[in-house]
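Colleague: Order-wise, the sequence lines are chains A and B. For the first sequence, the numbering used here gives the first residue as 1, with consecutive numbering after it. For the second sequence, the numbering used here gives the first residue as 1, with consecutive numbering after it.
In short, the hints are calculated from the structure, not lab data. Please read these numbers as outputs of a predicted model, since none were measured by experiment. Heads up, the beta-carbon is just placed ideally off N, CA and C, and yes, glycines get one too. Please note that a few of the clues may not be correct.
Listed next, the in silico DSS-like pairs over lysine-lysine satisfying Cα-Cα at most 30 Å (straight line) [as the list claims (entries may be wrong)]: (1) A:K219 <-> B:K242; (2) A:K116 <-> A:K142; (3) A:K35 <-> B:K242; (4) A:K81 <-> B:K242; (5) A:K81 <-> A:K116; (6) A:K219 <-> A:K18; (7) A:K18 <-> B:K242; (8) A:K35 <-> A:K239.
Among the chain A residues that face chain B by a calculated CB cut under 8 Å, a handful are [to be verified]: (9) I60; (10) P80; (11) F88; (12) P93; (13) R110; (14) P175; (15) R179; (16) R182; (17) L184; (18) G242; (19) F246.
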Amino acid sequence: MSTNDVAIRVEGACKTYKRIGRSHAHMAVDGVSLKVERGTIHGLLGPNGAGKTTTLKMLIGLVRPTAGTFEMLGEDSTSPKGRRSLGFLPEQPYFPQHLTALQALRFYGRLGGVLKDEIDGRSNEVLAKVGLRGEECTELSKFSRGMLQRLGIAQAIIGRPEIVVLDEPASGLDPVGQRDVRSLMLELRERGTTVLLSSHQLSEVEAVCDRVTILNFGKVAAEGHIDELLNVSGQTSFKVRGLPEFPRAVSELASDVAVSGSVWVFSVEDSAVRAVVDAIDDAGGTVMSVTPKRESLEDYFARLITLAGLEVAS
Amino acid sequence: MNRMVLIARAVITDSIRRRVPYVIVLFAGALAAAIPSLPNYGMGVEPAVFREVSLALMYVAVIVLALALAANRLPAEFERRTVYAVLAKQVSRWEYLVGTWAGLTVVMTAVIAAFTVVIQVVAVLFYGDPMWVLWVGALSMLLEAGVVIAVAVAISTLMGPVVVVVATLTILFIGHSRSTLLGGLGAAELSYFYPSLDSFNIMLPVAHGNGVSALAVVSMLTVFVGFTGLALLLGVVMIGRKDL
Ligand SMILES: Nc1ncnc2c1ncn2[C@@H]1O[C@H](COP(=O)(O)OP(=O)(O)OP(=O)(O)O)[C@@H](O)[C@H]1O
Ligand SMILES: [Mg+2]
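Using the sequences and the hints, build the whole thing.
Modeller: Below is the structure:
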């Protein structure tokens, strides 16, 4: 990756918060480094309180870093000039209540550099894109939580920024809204936009992210492609239908067996895949899917937290 | 510059939507209309006394309104986090702060102008005299309101509305107490360094005299620029160091 291809670079980010009544300060972010390639979607994953929001806020200059450098397209992103090509969705966004959706977008769009002649067209375009068509003249005080989230996304992309930073874009959205956001991110990438998003939902991240950085207790716990991080090596996951009962031959090989209705889900060693498929055929079942076994993000986080706990204890 | 204007405009629309300005103007206007009929020596109030009382009334209304609009402006934005979406754009914190001050000052300009017109109407009705000299008093109040807003906005970068109101009123009080505080000490040399707002005290000459000298107006403008500039500068430093 040459420096020209790096859209976002964070180096050694630290943030300590002083806590009243405590002897030592609290390290919310502790030496986080991050590189996001141009035109890719990068996920920032981690459990609650891991430091995702704090990292993003430092990147955007909303919080003063204790240490670290923050760059977007080679410029210091904590200064206004460095944010020229940025669109940002804050966590649980909130806007002046008395404005209508259209008025709010006019305001944020103009602040983000959209020209006066273009602002109305652009506002309507992004409102349609986030599924708020027909709500142009609704006052924001009458917006639901999910509608505010959508408006937040709209104001982030209205200036057609080269970089979009989204803090938990799916929060507060219904399943359809979550799917819309995923396709919106893919569309942005298609246009060459770089997307950095934070999340604690695997489904949101695995479907779209090229790479992820996992944070835990303010530190980078892992970085890479989501498959590399979460696939359990040597294990294959099965989904099977139409078995009157679980075949003896399979149950000896299978682990993590779960059943729901007539569908069985279980995993086996990679080497046993052939034998298991045959056994299921013989028993009259239908194999619905055979995929590499993937750890759930919940398990992964739980493991990270236990590991960190062990380190502290030792 | 353009972004500062956008922020100022947003502040103005938000203030216009609030009920406080109208209530205060209406209330004070009604009081002003009542002044001429005060039972003074059985034949109504003299024009000079009318000017003095109506200007005093306007002064109180202006300070109350300036504080009502300014004290909670930034704290509410911080608390509701509406500030994030603004400052994540290519907007500097100083543009945000100065834009807020400018918007509030424009609102006060409109209110003071409306107020002065109301008093003039009353003056014409009761005394047959538009009393144009009232506008000099209005100017001094506008400048003082500008200072009050700058001080309040600066303090509100770090403090909540109650502290802002108390601290601003304290500063206002100290600013008008040079003679009381220094007089007894006999420290005349110190008076040059005293942060005095006394230049704005032109109510009496406006009410009773033949108007105000050009020098007094210049002195007023100088004090306005100095105090507002200093308060905004401190505000910019403080908001710049804040974690949002
Ligand atoms: N203003 C603040 N003052 C003190 N501590 C803070 C402040 N903001 C965040 N923290 C602390 O910093 C840590 C990281 O918080 P942060 O909001 O970055 O987490 P997060 O990863 O975004 O979590 P979530 O998934 O819940 O949004 C937490 O322990 C939190 O208590
Ligand atoms: Mg967060």
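Colleague: None of the hints should be skipped; say for each whether it holds.
Modeller: Cross-check of the supplied hints:
| no. | hint | result |
| --- | --- | --- |
| 1 | A:K219 <-> B:K242 | holds (24 Å) |
| 2 | A:K116 <-> A:K142 | holds (27 Å) |
| 3 | A:K35 <-> B:K242 | holds (27 Å) |
| 4 | A:K81 <-> B:K242 | holds (19 Å) |
| 5 | A:K81 <-> A:K116 | holds (21 Å) |
| 6 | A:K219 <-> A:K18 | holds (18 Å) |
| 7 | A:K18 <-> B:K242 | holds (14 Å) |
| 8 | A:K35 <-> A:K239 | violated (37 Å) |
| 9 | I60 | holds (5 Å) |
| 10 | P80 | holds (5 Å) |
| 11 | F88 | holds (4 Å) |
| 12 | P93 | holds (6 Å) |
| 13 | R110 | holds (5 Å) |
| 14 | P175 | violated (26 Å) |
| 15 | R179 | violated (24 Å) |
| 16 | R182 | violated (22 Å) |
| 17 | L184 | violated (18 Å) |
| 18 | G242 | violated (53 Å) |
| 19 | F246 | violated (53 Å) |
The structure is inconsistent with the numbered hints 8, 14, 15, 16, 17, 18 and 19, although it conforms to all the rest.
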